[in-house]
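Participant: Using the sequences plus the hints, can you model the full thing?
In the order they appear, the protein sequences are chains F and S. For the first sequence, this note's numbering gives the first residue as 1, with consecutive numbering after it. For the second sequence, this note's numbering gives the first residue as 532, with consecutive numbering after it.
Everything hinted at is true.
In silico DMTMM-like cross-links for lysine to aspartate or glutamate, where the CA-CA straight-line distance does not exceed 25 Å:
no., chain 1, residue 1, chain 2, residue 2
1, S, K615, F, D198
2, S, K615, F, E186
3, F, K423, S, E577
4, S, K615, F, D179
5, F, K182, S, E577
6, F, K182, S, D589
7, F, K385, S, D572
8, S, K615, F, E199
9, F, K201, S, D572
10, F, K400, F, E494
11, S, K615, F, E177
12, F, K196, S, E617
13, F, K357, F, D368
14, F, K196, S, E627
15, F, K418, S, E577
16, F, K329, S, D572
17, F, K201, S, D607
18, F, K122, S, D589
19, F, K122, S, D572
20, S, K615, F, D407
21, F, K205, S, E627
22, F, K418, S, D572
23, S, K615, F, D104
24, F, K418, S, D589
25, F, K253, S, D703
26, F, K182, S, D572
27, F, K205, S, D703
28, F, K417, S, D589
None of these hints come from the bench; they were simulated from the model.
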Amino acid sequence: MKFSRRLAAVAALTAVSALSLGTSLPVLAQGTVLRVVPHSNLAILDPIWTTAYMSRNHGYMIYDTLFGTDENGKVKPQMVDTWTVSGDNRLYTFKLRKGLEFHDGKPVTGDDVIASLTRWGKRDAMGQALFQFVQRMDSPAPDTFRIFLGEACGFVIEALGKPGSSVPFIMPKRVAETDAFKQIEEHIGSGPYVFKRDEFKPGDKAVYTKFAKYVPRSEPPSGTTGGKNVYVDRVEWNLALRDAQAQVNALQKGEVDVIEALGFDHFATVKADTTLQMPKYANFGLQYMARFNHLHKPFDNVKVRQAAIAAMTQEPFLRASVGVKELYKTCPSMFICGTPFGSTAGSDIQAKSNMRKAQALLKASGYDGTPIVIMKPTDLASIQKLPDVAAQLLRQAGFKVDLQAMDWQTLVGRRAKKDAPDKGGWHMFLTAWQTFDVWNPISNPTMDTRGEKSTWFGWATDDKLVELRNQFMRATDEGAKKKLADQIHARAFEVGTHAPLGEYMQPMAARKNISGFFVTNGNIYWNLKKN
Amino acid sequence: MLNFLFRRLLSTLPVLLIVSLLVFLMLRLTPGDPAAVLAGDAASTEQIAQIRTSLGLDRTIPEQFFIWAGHLLTGDLGQSYYYKTEVTTLIAQRLEPTVSLAVITITLAVLIAVPLGVMAAWRFGGWLDKGLMGFSVIGFSVPVFVSAYLLIWLVSLKLGWLPVQGYKRLADGVGPWLYHLTLPAITLSLIYIALIARVTRASVLETLGEDYIRTARAKGLPEATVLMRHALANAAVPIATVIGIGIALLIGGVVVTESVYAIPGLGRLTVDAVLARDFPTIQGVILLFSFVYVMVNLLVDLSYVFFDPRIRY
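Facilitator: Here you go:
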C-alpha cells in the first residue's frame, strides 16, 4: 500500500514536471518574448480602413510614420530626414532618411509615400481636410517627395504626424494602391516589427517579431518620435485574455508581462503587489464626453443644451467611473488641458456652474418636457456608469430622462441614425476619447458643425464655428492658430456642441522585470527590455 | 436500423433549414449595425454607409438570405465581417480548444460521477449518499465563474501547480495541452459530475429494487458484479441520455469557462461575433451547434440499442 502511494506521488510529480517542461520549451526557442494583453481584440488589420484604436496600435508595430508626436504633443520628424517649406507656404519638400526599408527588403521611396498619403487622405477626417488644399504630389528622386498646395494651410506637418486614430502609416505603393474602401491584403511595413501573418489567430493571438534591418533614429524615444529600438525578439498579443480578473491573475503568476489597460477595480491590488509596477506611459489621458443630437427637440435649442452642460459638472462623472482620485482630474478644456491648444475660453458655463444655475437656465430655455433619450452601454466597463450619472444630474436640473440600456454595438449602430428619438433615434450618448483625437479643432470631430454634412454623430450646426475652423486650417502662424483655437473653444461652449466630462489616465500594469517604459501617450512596444 | 439512420439523417435537413432561417431573420431584426462596428468610433456616417454597401447590407432581407443560402448549398458559410476570414476557417481554428475541453470535461465527469452515483445508490441513505447529494446541490448552485476563480486562486496562484490561463494546441504536445486544460476541465466538470452522479444514483436505485437484482444476489453473485453488470447496465439508458445532452451543451455552452481561462474556443468566437454583429459567423456557429445537437441525439438514440437490446428501430 505504501509503495503504491509513493509510486503514485512520484508519477504525479513526474507528470506535472513533464507538463511544465513541455510548456517552457517553445518559449526558450523563441528568444525574449514580451507577452502583452492589449486593451481589446484585434480584428481589422488595416489601420487606414478603420478608426479602431487596436488597428492603430497594430499599425504602429509594423509601419513607420513620416512624422511623430512627442510626449508633450510636439510634432517631430520620423521617417523624414529634412524638409523645407517655400516662402508662400504652398510647397513642402521632404527628404527621407537613409536606410528605410520595407520588410520585404525593398527600399521606401517617395512613390510609396505618395500612394500611402493618397489612400489615407480618402479615409481620415484630418487627411480629408488636408487634401482640400493639396493640389498634387510628386517624387523627383527616390528619397524625396513634394506636396504642392493650391492654397497655404497651417497643419500639413501636424496632419502627417498625427497620433490619434487613422495615422498616416507608410505602406509599399502596391499595397497603398488598394481601394481606400477595401481592406488591404498584405501587411508589410517598414516599422520596427514584422507582423507574423501565419501565426495570427483572430481572437487568440497576434505575433510580431523584431525587424532586424530597422534603422532607429538616434534621438531618445518620446511619444511616437525618436529611436524605435527593439530589445525583445518577439511580441505576442494575447487576444483571448479579456476577463479583467483573469488578466491580473495571469500578470501576478508571470504568465503575461504587460496589461495595457488595467481595470480601475484592480488598481489597488496591483499597487500593493511588489512584483508588479504601473509605469507612467502618458502625459495626457482620455476625455469623457457627452454628445447631444442637435437635429431633434429639445437639443435643437441652444439654451437647452447650455442648461444640460451646466448641469453636467465633471467631478461626479469622474468619481463614479474612475473612482481612483490620483487617476482623474477635472478639466474645462475641450482640447485637453496642457496640450498646445488646451483652452478654458468660454468654459465658465460648465466649470463655474451649479445645479441652481442649471435649473434656472433650463427654465429660461422653454424646455417643453420632452424626455431625453440617453443611450447607456451595459457592456463597456470604461463608460457604462456615465449615463447613470448624466441621467441623475439632468433630472435634478429639471429634465425628464429616458435612460435606455443596450450593448455598445447597438449604441454604435443607433447613434448613426438621424431619425427622431421616438422613432429609433437618440438624444444623447456618452463616450471617451484619447487625447490626440480631440486635441485640436481639426481632429476633434465635435468641432465639425456643418449640420447633417458633419462627419460625426450629433450633427451640430453653426456657421460661425465652421468659418473659424476654416480660418484655423489656413493659419500658418502658431500665435494666430492659438488665438483661433481659443475663439473656437469659446464658440463651441456658447453653442453647446457637447459637454466635456473630465480627463483620466488609464493605468497600465507590468511585471517588475520589464523596463524601458517611456511616455508614449499610447500603447507602443519598442524600447522595452525584459530581464 | 439502417432505415432509421437514414430517416434521422434526412430529418436533420429541415431542422437546419428552420434554424438557419430563424437565426438569419432574428439577426436582421435585432438592433445593431455591423458596419458601424467595423468602422470604429471616430468614423463618419458616410464611412459607415460605404461599409454597409460593401457588405451587401443595403440589400433587402430576402435578397440577403437567398445569397447566403445559395452559398451555403455549396458548403460556403461566407466570410466573417469582423475578421475578414472564411467562417469555416474560423470555426476550424476554434473547434479544437472547445472539443478538447468538452472531451476532457465529460471524460472526467463520467469517470468520477458514474462510480459515485452507483456507490451512493448502493449505500442509499448512508454518509456517501448524503455527501453526494450535498455535493450535487453545491455543484449545481455555484456558478462556473465562482468555482473557476476559487480554483485559480488555490491551484494556480497559491500552489502554483497549473497555469492561470491559456491554451496550447495538441500539435504543441500532449503535455502542454493537458497542462493548460486540466483546471478549466475540473472547473467545468463540477456541474456535470453533480448532474450525472444524481441521475446515475436515481437510475441505479430504481433498478436495485428490481426482481432480477434480487435473483442475482440470490444466485450468490459478488456485489460488484450485481452492481456493474446488472444494475448499472439496466440503468444506463437515462445516464447515456444525460451524458449525450451534456456533450451537446458543452460544445456550445462553455463561454464563461473559455472567458475566464482565456481559451480561444467556439464559445468566445460566438460571443465576439454577437457583440460585433458579425452575422456570417453567428449563422455559421449556430448551424454547427444545431448539427452537433442533432448528431449527438442520434448517437444517444443509437446507444440505447447497445445498452438495451429490447430497443429496436
